[in-house]
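Asker: Given next are the chains, with one letter for each unit.
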Amino acid sequence: MRDISMILKSVWKSLFVFSAVTVMAVSTVSAQDAKEGRTLFRAKCSSCHALDAKLVGPALTGVSDRHSEEFLLKWIPNSQGMIAAGNPEAVKLFNENGKVAMTSFPELDEEKVKSILAYIKEGEPKAAVDPSVVKAGGGESGTSGLSIAGIVAIVLVGILILVILGRASKLLERLILQKQGIEIEEDVPLKVGVRKMFKNKKFVMFFILCLVIALGSWGWMGMWNTGVHTGYQPVQPIKFSHELHAGINQIDCQYCHNGAFKSKNATIPSLNVCMNCHKAVQARDNYDGEISPEIKKIYNALGYDPETQQYDKSKEKPMEWVRVHNLPDFAYFNHSQHVVVAEDAIRKAKGLQPTEPVCFACHGPVNTMEEIYQYSPLTMKWCINCHKETDISGQKNNAFYAKVIEAHEKIKKGEKVTPALLGGLECGKCHY
Amino acid sequence: MESNKKYWKGLEEYNNTPDFVKNSKNEFAEPLPIEDVLNEAGLSTVTPRRDFLKALGFGLGAVTLAACQTAPVHKSIPYLVKPEEVTPGIPNYYTSSFNGQSILVKTREGRPIKIEPNPNAGEFYRGTDARAQASVLDLYDVSKLKAPVLKNEETTWAKLDSFVKSELAKAQAGGKKIRVVASTVNSPSTNAVLAQFITKYPAAKLVQYDAVSYTGIIQANQNSFGKAVLPKYNFDKADLIVSFGADFLGTWISGEEFTAQYTSNRNYKSLENKKMSRHIQFESGMSLTGTNADTRVPIKLSEEGPALIALYNAITGQSLAGGTLGNNTTADKVIKLVAKELVQNKGKGLVVCGSNDVSTQILVNAINSAIGSYGTTIDLDNPCYLYAGNDAEFNGLVAEMSHGEVGAVLFLSSNPAYDFMNIDAFTKALAKVPAKISFSDRADETASLCDAIAINHNYLESWGDANAYEGYYSIVQPTINPVFNSRQAEESLLVWADAPVKNYYQFVRNNWEAKMLPAIGLKWNDVLEKGVVTVAPKAAGSYSFTQSLAQVATSIISSSKALAKGGDQVELQVYESVPMRDGKNANNAFLQELPDPVSKVTWDNYVALAPKFAEKLKVKEFDVVTVKGSNGHSVDLPVLIQPGQAQGTASIALGYGRTKVGKAGNEVGKNAFPFISFLNGTMQYASNVTITPTGGYYELAQTQTHHSFEGRAVIKEATFKEYLKDASAGNHKGEHKDYDLWDAYEKPGNNWVMAIDLNACTGCGSCIVACNVENNIPVVGRDEVRRRREMHWIRIDRYYSYETKDGDVTKEKEIAKLEDLDHVSVVHQPMLCQHCDHAPCETVCPVLATVHSSDGLNHMAYNRCVGTRYCANNCPYKVRRFNWFNYWNDSRFDNYLNNEFTQLVLNPDVTTRSRGVMEKCSMCIQRIQGGKLQAKLEKRPLKDGDIKMACQEACSANAIIFGDSNDPNSEVSKALRSERIYYVLEEINVKPGIGYMTKIRNTDTTVQA
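Chains A and B, in that order, are what the protein sequence lines are. According to numbering that gives the first Met the number 0, the first sequence is numbered sequentially starting from 0. According to numbering that gives the first Met the number 0, the second sequence is numbered sequentially starting from 0.
In short, the hints are calculated from the structure, not lab data. Watch out, some of these pointers could steer you wrong.
Residues of chain A clear of chain B, computed beta-carbon distances all greater than 12 Å [as the list claims (entries may be wrong)]:
1. T38
2. V62
3. G157
4. F197
5. K295
6. N333
7. M368
Listed next, the in silico PhoX-like pairs over lysine-lysine satisfying Cα-Cα at most 25 Å (straight line) [said to hold, decoys possible]:
8. B/K74 - A/K312
9. B/K659 - A/K402
10. B/K74 - A/K314
11. B/K973 - A/K261
12. B/K942 - A/K395
13. B/K74 - A/K316
14. A/K314 - B/K145
15. B/K724 - B/K273
16. A/K261 - B/K105
17. B/K942 - A/K402
18. B/K145 - B/K724
19. A/K402 - B/K938
20. A/K395 - B/K274
21. B/K973 - B/K274
22. B/K74 - A/K295
All C-beta atoms in this analysis are idealised placements derived from N, C-alpha and C, irrespective of residue type, glycine included.
Turn these sequences into a full structure, and let the hints guide you.
Answerer: Next comes the structure, spelled out in structure tokens:
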């Protein structure tokens, strides 16, 4: 009868695992939906709709309660068509909103509309505190310690449940056996078992070995990553959103970081670049007719008075951004070399889409970063790996390289042409 | 042909003194205290286990705690409104000019960081001198005043203006004189400003006063030809140059320009055309020019006049009295031979003289007229305006001041309280002037005696122009906003003159647009872009000298006799040294640490004496002696034994001994200006002194023997005659087989190499300063130089040698022939990392911090270096430098570059090195990488000349040629194919990347001393 408890145990175990996996999968799926929906909403809808306020169009919170999903799936891609077709619900809606026709979005398929609806249903993620974000002055680098702790907690709770269930099933089993009148020998007490185990030299040896390996590798990883600030996301003086500017508004990277294409520095744009747009764009809609407090920061720094549209030089105060990508001073890196000269090679090596700027190769999907963070580790290993692997034979189109590559190919026939082959791994190429 | 010449760097090496032998054995001057540790007591010291563990535990804990700090937060502060022309990371170049020479100023993010020659500047403004290179540091001098000063207190410009205006009005109303004392003003706009000032205050007058004056030449030309000008000298047109004490390659009038002219007839290109000029130098102290002469004859100062008379007599066949050199038979012989040659080379000869005596210069004019120099090598119609000071006028002013005739005096870039010959008389006279105003940027010796200091801009903050030569105009434009609350002197003058246009930029522009631009058909912006405007030069006329010389000769002879007093009187020459010049830039640490080209002394001046003469005076090197002039002025200075110095003479450099210039320059050396005397209407730089030992000892910080080759043949030379017969004369390699331990490096792309023309290099040292500025090389100070820890990546080795007549000589014999040290010849050899293909440093580095690259360079990764110094020990060229301190962040080096303001001069493309790492010449790798990137961005192959080294760019003589030897048509490839090319220490087969060209001397054995 011992089998019963075994079977029960395994059933419990698999049930637990399965449920855990499904819960996680489901939650990630819906989370992703809402996230995608948010991006879509910002790109397509936000110029006329807000969640809680009536803009050109009605406030959208609770739209799924007001209308059926079936209706919405048709309405959003082709609202004007529905009105023309005389759908009563559609006509009613049209009349209710001052007979302003809503733009049709034929490019939004069912999936996308569902994502948007999911977002509207969930609402704006409330203070989506990414545990890795460090608030205190933007100083320290964030590690994802909390998320690890969360996983550990889940595992511990799972183990606890398993233990309790195991005990319960054992008790039941014993009761059944007792009822059947079968005497069973007492279990060896746990303490004695543990003691016995620790007397087993092989086991102790094994245990210590495991401990050493675990601690050693943990320490090694820890030290290896000292000074690596991947994910570093300090709080900036202005809550500038790359997602909004580069993602939704599709502003080219060069517009602000114009140094990247001619200089070693990508350059943080000076505030007069911001003013090109923000003299007019003040986001008053979102702040009850007031100028956005973040945009106001630009005005304050420049001593600009939006009422009189005058600059007051005496009130100028430089903007102190917190530097995210800190390459050490002894490493020379030149943006233009990579962004202009090696653009094609890098695109190919990193598999970038033609629509994506080459910057994404190292800076990651900046167009989805609400606040900018360090995407790549910026370690020397990371630099070197790329220099070893990237095929730059395509650079022959550049007359500078044509000669150089030709010379190298003569001696290293057939080898892949990489920056390393042209001397890109030599110390002095970056350290001087 | 093997030369019999023996080369040595200093007398200690020559004499092989025990100290020298000991020091040269070690890479570093101070031995490690190994003996102390390994002696008995050291070995028996017990460190108990517990103590050890305690220390270990504490150390571990401390390190852990120290490591617990969070990563620092870096701020990025962009411009609020970025100027359109600035892109962070990309330098901007602006034209400007320094001392009349048009230059380019390299700026990064609005900070000037480097001076480069302007390619438009003109044929012979090819490089820049050490002062121009170092001048960028003066901008970031912390010793400058930060606000105008009135009665020793900081004030506002409004208060200062009202004070000065009322004082000037008072002086004007009281019928007193107003004087503006300025070093030569050759700026058309400044002259226009002064004209407006004088219109407002008619009592005002400009007195031009140069610390080192050329009045003698100017007045002699007035006397001989009726033209009171400094002529334009054309050394490039001279096949035979005879100089009497004129250091024309260094400090005389326009050294860098003359260097370019001079070497154009002596460099490898000229030699390939079988052409080389000849240069004979007669002088007392060993000057930079003297070291480059084909034949150098030491003469006493008192012999200069008679020698010139003798030369005149020999050329013209006349017999002026006094032309005998009884005691100097060598000179006498050489003069006669030179006279013959000059007559043969009629119209292609040039005689120059460094004297400031009018009579002497009249005689020189007569000689030049006799050999037909006017119209060819001397141009009186396109004169030079660099110096126009009038000695008598300034002396007259001092007298006027002391008589109370002067109501107000203004000092513009002049500092007579330091550099006037009679400081006492000047200060007493100055005290009698009611209103004293200085335009100095700091409270210097004169300014601190003034009532008001209207602090002037640095030239890099200024607008302006200059007119160095007739028809040669250059522009000065600011490259940075004024850092402190200073105001340009011209603007101050305009304000005080209540001029209609007070903004000096507007004034300069108006002046150009009204007077200059219409004539030349250029726009103001064109001028700013080019930096220089030249008007077609006038035809140089021929002038002949027709006056009687009898009176001149009498005057010369009487001065000569007065100088040759004999007895205990020593003839003293005060001269400008190449790094320090007249001392105006004495607070520039780069210049203070630039070794004198001849003596290799840094951070001090000294009394130079000939070896034999020192013996006679019973003094040894570094003994402190009292030098007392006939006017009672005396200084205590250490002795430097200088081979080549004329017997019975001593030399002291001017420009030292400043007291109020700033942290770095105060109390460095002693002031020699008071040894100048005023005679026959001009300042005379020769005088009589007594020299007595004080018994003291003072070690000069000399770099000359720091990096010794221990007598190995590193110099190869030949005479021009031999060269004409065989281009590889002096450079015959013995038959020997090479065996390589290592595989050859493949250099498929570029192979960066260098060729250095020893015949072109004059040893001036501007490459050293250029390298310092480009590569953020720290200044270490006098004490550290004494410990042989100077950091210069490029040094210029100066070798003395003399021809032995009977082949191999033993050492005893050599010492016995000490008198030959009068007739030493000198070779300058720039020495820098040779970027060897089989670099000995690379194989001994335990951490692979120095490795070879595929383009022929020897890389040095500072952050890999752990400081074992094995590489320096193993370098046969001794070019590696060790950072003993964090020079950029160590309060002990506060005088130099250890402050935030001065550090703005740093080149952001080059890392500053920290303590404990090696460094060396990187072959300006930042420039190589930058040049390559530029070509890549423009999608074109790299061209020869795209990349230039900092040292190469600064070199007026074009002695350094850099390029890609994989390109057979590059200039360097062509140069390296020359038969004169040899590699230093070729025999050890390290395969250096820098080829040197043999030194060729145009010595005719018949004229050989």
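Asker: Let me make sure I understand: some of the numbered hints might not hold for this structure. Which ones are they, in numerical order?
Answerer: 6, 9, 11, 18 and 20
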